[in-house]
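Colleague: With these hints in hand, go ahead and build the complete structure from the sequences.
For the sequence shown, the positions run 1 to 188 when the numbering used here is used.
Hints are not guaranteed to be accurate.
To be verified - Okay, derived cross-link-like pairs now, DSSO-like style, lysine-lysine, Cα gap no bigger than 30 Å in a straight line:
| no. | residue 1 | residue 2 |
| --- | --- | --- |
| 1 | K186 | K73 |
| 2 | K118 | K73 |
| 3 | K118 | K186 |
| 4 | K68 | K186 |
The set of hints was computed from the structure by calculation and includes no laboratory data.
Only a predicted model underlies this, so the values are computations on that prediction, with no experimental measurement involved.
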Amino acid sequence: MVAVVVFMLAGLVVLLSHTSTQEASAATQSSSASLIAPSSICPDKSAFKLPASATLAMACMTNYARRKAGRPKYRVRSDLGRSATRKAADILRCDSFSHTACGRPFSYWINRSYTANKRCWLASENIAWGTGSLSGVRSVFAAWMRSPSHRSAILSRQYSDLGIGLRTGRMEQRSGAAVWVQHFGKLC
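Modeller: Following this line, the structure appears as structure tokens:
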């Protein structure tokens, strides 16, 4: 089976395999590589065996990159984690890799848990899915860091809070797919 990772980039679906991942520009890889935590700091946990540990490892990777870029770390919030997990479940349930999975706006689950009854808030999300060796924390995070828009959300000064969701299942006729969602937010 071929391992794939797919992520949303400015409304376009980007599909990477081992070959295309290796062909990414050297400059982007070099600048991104310095922001990727070594496994001694953020161990890569299997998305299929320990989803809770995998989401903690993804939060570790995100905050490591922020620290290396001179940004404050995100506060990991359970309410944003719930919204991200529900979004990942929608993507799988509707087999719709989209920020508007199941016909819902990207902020649908964020509104139900994080921003409920709040008058002012900011939010954004990163989504990705992968199979095989490209479904793990390190592979998905590295793909996000090579994408300017995903990297921008991870390193943004606009947000203070983070939630991470992970669900595994069947996606686009591929079993064993891991769907990752990062929700970023700020209550003002």
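Colleague: Does each hint hold? Answer for all of them.
Modeller: Comparing the hints with the structure gives:
1. K186 with K73: holds (13 Å)
2. K118 with K73: With Cα atoms ~23 Å apart, K118 and K73 stay inside 30 Å; holds.
3. K118 with K186: holds (11 Å)
4. K68 with K186: holds (21 Å)
Every hint from the earlier list agrees with this structure, and none is contradicted.
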